[in-house]
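Asker: Given next are the chains, with one letter for each unit.
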Amino acid sequence: MVLVFIDQNEGTIKKSSFEAAAYGAAIAQQTGKTAEAILLGDTPADADQLGNYGISKVHVVNQASLKTMDAQVYAQVLQEAADTLHAEIIIFSNNTTAKAVAPRLSARMKAGMVSGAIALPDTTNGFTVKKSVFSGKAFAHVNILTDKKIIALNPNAFAVTTSSGSASVHPLECSAVQPAVSVTQVNKVVGEIPLSEASVVVSGGRGLKGPENWGFVTELAGLLGAATACSRPVADIHWRPHHEHVGQTGLAIAPNLYIAIGISGAIQHLAGVNRSKTIVVINKDPEAPFFKAADYGIVGDLFEVMPKIIAEVKRIKGVA
Amino acid sequence: MKILVCISKTPDTTAKIAFEDNNKKFAADGVQWIINPYDEWYALVRAIELKEADASVSIHLITVGGADAEPILRKALALGGDESFRVHLENGDAFQVAAQIAGFAKAGGYDLVLTGKETIDYNGSSIGGMIAELMDVPFLSHATQLNVSGGKATAVREIEGGEETNEAALPLVVSCQKGMAEQRIPNMKGIMGARTKPLKVVDADTTAALTSIERFELPPAKAGVKLVPADQPEELVRLLHEEARVI
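Chains as they are written, first to last, in the working numbering: chain A, 1 to 320; chain B, 1 to 247.
Keep in mind that the hints are not guaranteed to be accurate.
[Stated by the list, open to error] In silico DSBU-like links for lysine-lysine, alpha-carbon gap of 30 Å or less: (1) B:222 - A:284; (2) B:226 - A:308; (3) A:148 - B:24; (4) A:314 - A:15; (5) A:110 - B:24; (6) B:222 - A:292; (7) A:277 - B:226; (8) A:148 - B:25; (9) A:284 - A:209; (10) A:148 - B:106; (11) B:2 - B:51; (12) A:277 - B:24; (13) A:209 - A:292; (14) A:67 - A:148.
Everything labelled a hint here was simulated from the structure, so no lab data went into it.
All chains should be modelled from the sequences, with the hints used to inform the complete structure.
Answerer: What follows is the structure, encoded as structure tokens:
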């Protein structure tokens, strides 16, 4: 059985978890198994939607200690659940929760793990998973040598297909575990599209000359349903919050479309965005290194170009 | 308090990525090696700051690798740290590497094990969590702040969609990222002193690998940028809408 770990936020299932569900269902089909899901904590309102992604059953372990994410507790509960349900392959979406929990589970179960997977496994000879390495500059094909396997799928890496289906929800009893970590404060960024999951990202750099000009970025992002991001210098001089910084030391993202406005594209920035499927660069410097990594570009003054782009996007989106 | 900082050797961020031996091996010729930036700027520098605030803190560095990893340990010792250890194991997978460090940390009675949030070559984000599990201690992942007092650690860590503050009793494992500390440049005294600081080689245990890298692959070359004249930005929107179909 393929067991997919489902992450939720504010009572709904995360988009990247639906991707993980579809990926798990595809592996189940490929290997002649069934695909089921596991949720920790309260049951989100859209749990039955998992049926549309190929999941037949959703198991829910609800204990007070699971309301916050303690990697030690989660790994222990997930192992017990995986054993009870006879899971052979466990799938995560490769987000901050998975990065805390999946390695613990791997060590606990002695189950080989590939994190950052970007494709279905090749099972013709062994069980080999393609993953992103060298900060998006290469791929590795990693063979999982153990019978039990764990895969953490990168967000936006797997093309989801849905069909109509229904998933039944089942409570699952697991031993209670007391967390050794206490959570004293939680600050959630609400109302924004999470950068790591966004399929379109609009990003700004020092070329915008100051935070007062960020309207170009936020307005275009609003029209495209995109998340906003920025380069490292912009975060360092506090024009934008640090959680928007993409690059080598910030967040690494892989949206379908990345629009870089006034960013030169230093190699450290590229390391965070080079897995984007389509890259658009708007910069006045024709020698900006970003143009070498771009699919589309305009060499020009963004203060002249951006109002026209925004107007044209409004026109095709039918926004007055 | 005894801190163990995990150090990994990675190619420089600007290194050309290429493979040899039928794409089975990273082409290391002419490559500059550095301390994995997350291990150096955040884990190691934060450990040094904790020692600066409390002289009773001792910092040990550990790496798992071949003899070619020793210059990286010396570089790390030049920044700070009292002693260093190299577990002799080449090309270990994440689980093997974590098992060496967990075994060493348990035997050495360390209070705090610090790692970077990931290495910039394998991008696994696995070692810290695996060490914590093998030591059966808490794991505070993706920490952006860390303080220790009275046998207890307080950390601010990134979670999905925000951040939270955690408290837990030592010993524990923390993976470190941006915000934790600022990059430092080693000074001449540090570089000279690093030459004589202990660097001990430890035999690896017999933990078996759970995974193996079969081969590497480079992404297909980009077709090249399609430039749109600056006086026709509408054409860019049309291309994104009709050709790339991304908006």
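Asker: Take the C-alpha atoms of residue 222 of chain B and residue 284 of chain A, compute the straight-line distance between them, and say whether it is at most 30 Å.
Answerer: 22 Å, holds
Asker: Straight-line Cα separation of residue 148 of chain A and residue 106 of chain B no greater than 30 Å?
Answerer: Holds: residue 148 of chain A and residue 106 of chain B sit about 27 Å apart, inside 30 Å.
Asker: Between the alpha carbons of residue 2 of chain B and residue 51 of chain B, is the straight-line distance 30 Å or under?
Answerer: 10 Å, holds
Asker: So if I understand the rule, the pair passes when the alpha-carbon distance is 30 Å or less; does residue 226 of chain B with residue 308 of chain A pass?
Answerer: 19 Å, holds
Asker: Run the distance test for residue 110 of chain A versus residue 24 of chain B: straight-line Cα separation, threshold 30 Å.
Answerer: Answer holds: residue 110 of chain A to residue 24 of chain B is near 25 Å, not above 30 Å.
Asker: Keeping to a limit of 30 Å between CA atoms, is the pair of residue 284 of chain A and residue 209 of chain A held or broken?
Answerer: Distance of about 13 Å is within 30 Å: holds.
Asker: Tell me if the straight-line CA distance from residue 209 of chain A to residue 292 of chain A falls inside 30 Å.
Answerer: 23 Å, holds
Asker: Please work out if residue 277 of chain A and residue 24 of chain B have their alpha carbons no farther apart than 30 Å.
Answerer: 26 Å, holds
Asker: Need the status of pair residue 314 of chain A, residue 15 of chain A: alpha-carbon distance at most 30 Å?
Answerer: Holds - the C-alpha atoms of residue 15 of chain A and residue 314 of chain A are around 26 Å apart, at most 30 Å.
Asker: Decide if the proposed pair is consistent with the structure: residue 67 of chain A and residue 148 of chain A, CA atoms, cutoff 30 Å inclusive.
Answerer: 27 Å, holds
Asker: Hint check: residue 277 of chain A vs residue 226 of chain B, CA-CA at most 30 Å. Holds or violated?
Answerer: This hinted pair holds, its Cα atoms lying about 15 Å apart.
Asker: Tell me if the straight-line CA distance from residue 148 of chain A to residue 24 of chain B falls inside 30 Å.
Answerer: 25 Å, holds
Every hint from the earlier list agrees with this structure, and none is contradicted.
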